[in-house]
Amino acid sequence: MTSGLVRAAGALTVATALAGCGAGTAASSTSVAASSPPRLQPQLVMAGPDSGLLVWRSGSVSVLLATTDGFRTVTNATPPAVPTDGGLLLARSGSHHVLVGVLPTGALSVSPVLLGDGTPTGWSGGQLPGVLTDRPEAVAFQGKALWALLGSGSSTELVTAMAAEGPWQVAASASSLDPSQRLRLTGVRWTDATQGWLSGTAPAGQTVLFRQGAGGWRPVPLAAPQGTAAALQEAASAPCGTGGDLVDLVTTRPSSGGPGTAVVERTVDGGTSWRTGAPVALPAGDPVWACSAGRVWLAVPDGSAARLLASTNGGQAWRDEGTAPGPVTDLAITGADTGYAVTGEGTAARLWSVSASGQSFAPVTLPEWVAQLGVGGES
Amino acid sequence: MPTGGQPGALGGALVTALAGQAAVVLAFAVLGALAYAVVQRRRAADPSGPALPTESGARRFLRVALGSLWVLDGLLQAQPAMPSGFLPTMVDPAMAGQPSWLTQLVAPLVRAWSHHPVGADAVTVWVQVGLGVLVLAGGSGRFARTALWASLGWSVVVWVAGEGLGGLLVPGASWLTGVPGAAVFYAVASGLLLAPWSWWSGRRPAASLARWAVGVTMLLGAVLQALPWEGAWSASDGLSAIFRDASTTPQPALLRRPLSALALVSAAHPVAVGSVLLVVLAVVGAGLVSGRAAWLFVPSGLAVLLATWWFGQDFGVLGGTGTDPNSAVPLAAMLVAAWPGWAEATHTEPERAPVAPRRRVLGGAAWGAGVAAVLVVPAVLALGLFGPADAQAAVADDGGVRQLDGRAAPDFTLTDQNGARLTLSKLRGNLVLLTFLDPVCSDNCPLIANQLAAAVRAAGARAEHVQVVAVDANPVFHGVPDVQTFTREHGLSAMPSWHFVTGSLAQLTPVLRSYGITVSLQSVGMEAHSQVVYFVDAAGREVSSMDDSAQPDLTTGYVDLMTRAIETRAP
Numbered sequence: 033m034t035s036g037l038v039r040a041a042g043a044l045t046v047a048t049a050l051a052g053c054g055a056g057t058a059a060s061s062t063s064v065a066a067s068s069p070p071r072l073q074p075q076l077v078m079a080g081p082d083s084g085l086l087v088w089r090s091g092s093v094s095v096l097l098a099t100t101d102g103f104r105t106v107t108n109a110t111p112p113a114v115p116t117d118g119g120l121l122l123a124r125s126g127s128h129h130v131l132v133g134v135l136p137t138g139a140l141s142v143s144p145v146l147l148g149d150g151t152p153t154g155w156s157g158g159q160l161p162g163v164l165t166d167r168p169e170a171v172a173f174q175g176k177a178l179w180a181l182l183g184s185g186s187s188t189e190l191v192t193a194m195a196a197e198g199p200w201q202v203a204a205s206a207s208s209l210d211p212s213q214r215l216r217l218t219g220v221r222w223t224d225a226t227q228g229w230l231s232g233t234a235p236a237g238q239t240v241l242f243r244q245g246a247g248g249w250r251p252v253p254l255a256a257p258q259g260t261a262a263a264l265q266e267a268a269s270a271p272c273g274t275g276g277d278l279v280d281l282v283t284t285r286p287s288s289g290g291p292g293t294a295v296v297e298r299t300v301d302g303g304t305s306w307r308t309g310a311p312v313a314l315p316a317g318d319p320v321w322a323c324s325a326g327r328v329w330l331a332v333p334d335g336s337a338a339r340l341l342a343s344t345n346g347g348q349a350w351r352d353e354g355t356a357p358g359p360v361t362d363l364a365i366t367g368a369d370t371g372y373a374v375t376g377e378g379t380a381a382r383l384w385s386v387s388a389s390g391q392s393f394a395p396v397t398l399p400e401w402v403a404q405l406g407v408g409g410e411s
Numbered sequence: 002m003p004t005g006g007q008p009g010a011l012g013g014a015l016v017t018a019l020a021g022q023a024a025v026v027l028a029f030a031v032l033g034a035l036a037y038a039v040v041q042r043r044r045a046a047d048p049s050g051p052a053l054p055t056e057s058g059a060r061r062f063l064r065v066a067l068g069s070l071w072v073l074d075g076l077l078q079a080q081p082a083m084p085s086g087f088l089p090t091m092v093d094p095a096m097a098g099q100p101s102w103l104t105q106l107v108a109p110l111v112r113a114w115s116h117h118p119v120g121a122d123a124v125t126v127w128v129q130v131g132l133g134v135l136v137l138a139g140g141s142g143r144f145a146r147t148a149l150w151a152s153l154g155w156s157v158v159v160w161v162a163g164e165g166l167g168g169l170l171v172p173g174a175s176w177l178t179g180v181p182g183a184a185v186f187y188a189v190a191s192g193l194l195l196a197p198w199s200w201w202s203g204r205r206p207a208a209s210l211a212r213w214a215v216g217v218t219m220l221l222g223a224v225l226q227a228l229p230w231e232g233a234w235s236a237s238d239g240l241s242a243i244f245r246d247a248s249t250t251p252q253p254a255l256l257r258r259p260l261s262a263l264a265l266v267s268a269a270h271p272v273a274v275g276s277v278l279l280v281v282l283a284v285v286g287a288g289l290v291s292g293r294a295a296w297l298f299v300p301s302g303l304a305v306l307l308a309t310w311w312f313g314q315d316f317g318v319l320g321g322t323g324t325d326p327n328s329a330v331p332l333a334a335m336l337v338a339a340w341p342g343w344a345e346a347t348h349t350e351p352e353r354a355p356v357a358p359r360r361r362v363l364g365g366a367a368w369g370a371g372v373a374a375v376l377v378v379p380a381v382l383a384l385g386l387f388g389p390a391d392a393q394a395a396v397a398d399d400g401g402v403r404q405l406d407g408r409a410a411p412d413f414t415l416t417d418q419n420g421a422r423l424t425l426s427k428l429r430g431n432l433v434l435l436t437f438l439d440p441v442c443s444d445n446c447p448l449i450a451n452q453l454a455a456a457v458r459a460a461g462a463r464a465e466h467v468q469v470v471a472v473d474a475n476p477v478f479h480g481v482p483d484v485q486t487f488t489r490e491h492g493l494s495a496m497p498s499w500h501f502v503t504g505s506l507a508q509l510t511p512v513l514r515s516y517g518i519t520v521s522l523q524s525v526g527m528e529a530h531s532q533v534v535y536f537v538d539a540a541g542r543e544v545s546s547m548d549d550s551a552q553p554d555l556t557t558g559y560v561d562l563m564t565r566a567i568e569t570r571a572p
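For the protein sequence lines, the chains are P and A, in the order given.
Letter 101 of the first sequence, counting from 1, is numbered 133 in my numbering, and no numbers are missing.
Letter 224 of the second sequence, counting from 1, is numbered 225 in my numbering, and no numbers are missing.
Okay, chain P solo, but in the shape it has when bound (with noise of 0.2 Å):
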């Protein structure tokens, strides 16, 4: 017999969604705010051009891919021994390690969280204190230790440990950073070994950044375009380290329905002062949007599609590359014109290779065992 019984998940509400790309790799994507739970979205992160690792839908669970050749062969990477049909959030650390955080599901009512070290074998377990927030911003490396951010709502904190079996000890939470009680953490980046990022929603929409220093986790001051500082809408992401000190943020600005805008907050200094980009039109829904060396890929709504722009120059200027083929919900940058796209979500998503900017959508057609992983429902 089997303990193995993997039933389907059910859809979480999330608010905002986060994401990031580490420093010193190759980028990979960030959804400004996901029209949909991000657990049943898939999730890139590339290594190199080539090589990469894609948290992917089968069947009623979450499985995790690796490539080391674009996906024209891929190897089943998901950790072991855990279900995963809760879902998966993925941070990557150099060419090996993993750390892959579980959502919670039937009666697994608190996060693991798994180390991997790229063998097959190489995987330690443990326990989050927690829940995960509901965010691919919610794992992240520095270095060797391990973040996480648990819980919900005002009650987030974030958590670190040098291992996934722990000791995990909070590191910071957001009724600590806020004392008004009514501040909720969304995400956490390292854009290097020293620059820690945590992103936050305050109450009333805006996006609050904080960096780590030597006295624990301080705000962090946003450029705020004349007049719509009040007025930014949910946290955009966490922040894009791209070598040195430059960091590239997305925002948005309300769209309400109607049409908005969505903007490159870029520093050079720590987050001393930022330099606002030029707004791109929303006209409906939110962008999703990658960066990697300065690059930034912005792919925004349009219809059943979306439209990709590509800037060089931390959003100063754009250029519409394309159109994609269909709703992205995932884009990673892996060379200087070149990436995957992920379009739609659970079972029915998509792979795409990007070249040109997005001139051009070419597809990945995934091996078929790749579908029939979860199906079955006893694992």
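Hints in this document: simulated from the structure, not taken from any laboratory.
Keep in mind that a hint or two might mislead.
[Stated by the list, open to error] Here are some, though not all, of the chain P residues that point toward chain A, as calculated from beta-carbon distances under 8 Å:
1) 141
2) 193
3) 194
4) 197
5) 209
[Unchecked claim] Sample of chain A residues with no beta-carbon within 12 Å of chain P, all distances over it, derived:
6) 61
7) 107
8) 270
9) 300
10) 408
11) 507
We treat Cβ as the ideally placed atom computed from N, Cα and C, and that holds for glycine.
Following the hints, position chain A against chain P.
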């Protein structure tokens, strides 16, 4: 005495087997009827044969009572719940705390039953039914005496293997619960019937022996009541516990209310109630032994036995699926046989009385059926009892309860959810429910843990010496925080008897292997591992196990099964 198994696949197999065997028995009954008719016709044609003695009323009563009891016991043994339920709910409790020589003596029979539950139960059914039929058929010849010797011998087997010498050697022995066992009185009754028929006439020494046996038993009950180490004077575990248990069995309110009242009174005044019982048993027992005022003491003894049957023995079967009506009934039968008012019987008849043809047929049929039931069918079945285990016995049908050979549970030392070291052998003196769980399992493992906890709660005071030990079976998640989280998240932190233990892979692997637990990692999702609960008795022996082979959805039925197991096995 009651047992609590549930019918299932084994029960169906038993019914099917008995039906086929009944055909054989019926065939022998027909042959017996034919043969007996022929023999009787020849004897009738030869009136010069020896005159036959007539049987006294007292002896006939005792014989019919004994035969009827055997038939009743056989039919009770034929209940579908018996193949799977007899060992865990009858033999196991009877053997709990017994000296090792006794358990070793019984072990081969237990093993045979556990490997061949249907065959072993069928043997028991047919032997008892057959003995009953043969005893009922009566007679004074060699065959009739052989049947009585067989009755005596089988009584001893039942007394030793099924009743554990009636509980005489373990603490807590009480007159009320049937000590020294019902089967011993079947043996005594068989012995009395083996006495010469003349012993039932004249001064009726057989009747005196019956009365004396009942009286001595009552005196023994008084002594057991008086001995402080038998616990009969305890307010919580003494007579009040017996009455309380009896009051909780399903029965009409009219019968239950006096039991509840007795439980309350004996809990409040254990010495007073115990003293009353002691005095009653001593006085009535002494009176019966003395032989004086039989007109007083015999009815008094019957009244005491009736009260015992009601208040202490659940009328033999109310507490569950009974296998016999307990000791009060055979004792009462002997006491009735000892009644001085039975009419005298003539020793012999001057001439052989003609036997009616119909009676000849019935007598022959009874002998044919009896011989087939006692000898032929059991002999054939016995050939299969010592071979490989039946496939159907590999997994019992009442949710997976399986009897084990009682091997010493492999010892281990691991770390529990609080970081404390736990050594299994140091839990001796407790019943240990040992299982293997995955701390990051999202379905069955929390269910199993919660059912174990629910069973411990349901067993109440009976679970005072019960410990639940879960061993981490996940090769990736085996840190103390993992088992700690599982314990906290599933509400087990406040359960003192809960121990979720873990260790390094080097420590866990041999433990899992020693208990036959297989763990396999799937390509996606949870690891798969054997799901089993071992019951490790107070002496550190694996006495039984249960798994979900027969009930893979682990429904709440497991709580009932585990609760019953705790109630019957807990020290």
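Point to revise | Cut-off 8 Å, beta-carbon criterion: hint that residue 194(P) touches chain A | key: violated (14 Å)
Point to revise | Separation of residue 107(A) from chain P, once the least beta-carbon distance is taken, above 12 Å | key: holds (32 Å)
Check your understanding: Regarding the assertion that residue 61(A) does not contact chain P, is the least Cβ-Cβ distance greater than 12 Å?
Key -> The assertion about residue 61(A) holds, with a minimum of 58 Å to chain P.
Exercise for review: Against chain A, run the beta carbon of residue 141(P) and see if the smallest gap drops under 8 Å.
Suggested key: holds (5 Å)
**Study point:** Interface hint compliance - residue 193(P) to chain A, C-beta minimum distance less than 8 Å
**Key:** violated (10 Å)
Point to revise | Minimum Cβ-Cβ distance from residue 408(A) to chain P exceeds 12 Å | key: Fine: 23 Å to the nearest Cβ keeps residue 408(A) off the interface.
Check your understanding: Any Cβ of chain P at or closer than 12 Å to residue 507(A), or is the non-interface label fine?
Key -> holds (15 Å)
Check your understanding: Are residue 197(P) and chain A close enough, Cβ to Cβ, to be under 8 Å, as the hint says?
Key -> Holds - the Cβ of residue 197(P) comes within 8 Å of chain A, reaching about 4 Å at its closest.
Check your understanding: Is the nearest Cβ of chain P still more than 12 Å from the Cβ of residue 300(A)?
Key -> Its Cβ never comes within 12 Å of chain P, the nearest being 60 Å, so this holds.
Point to revise | Reported absence of residue 270(A) from the contact zone with chain P (all CB gaps over 12 Å) | key: Consistent with the label, residue 270(A) stays out of reach of chain P, its closest Cβ about 49 Å off (over 12 Å).
Check your understanding: At a threshold of 8 Å, is the proposed contact between residue 209(P) and chain A supported by beta-carbon distances?
Key -> Hint violated; residue 209(P) Cβ to chain A Cβ min 26 Å, cut 8 Å.
Hints 2, 3, 5 from the earlier list are contradicted by this structure; the remaining hints agree with it.
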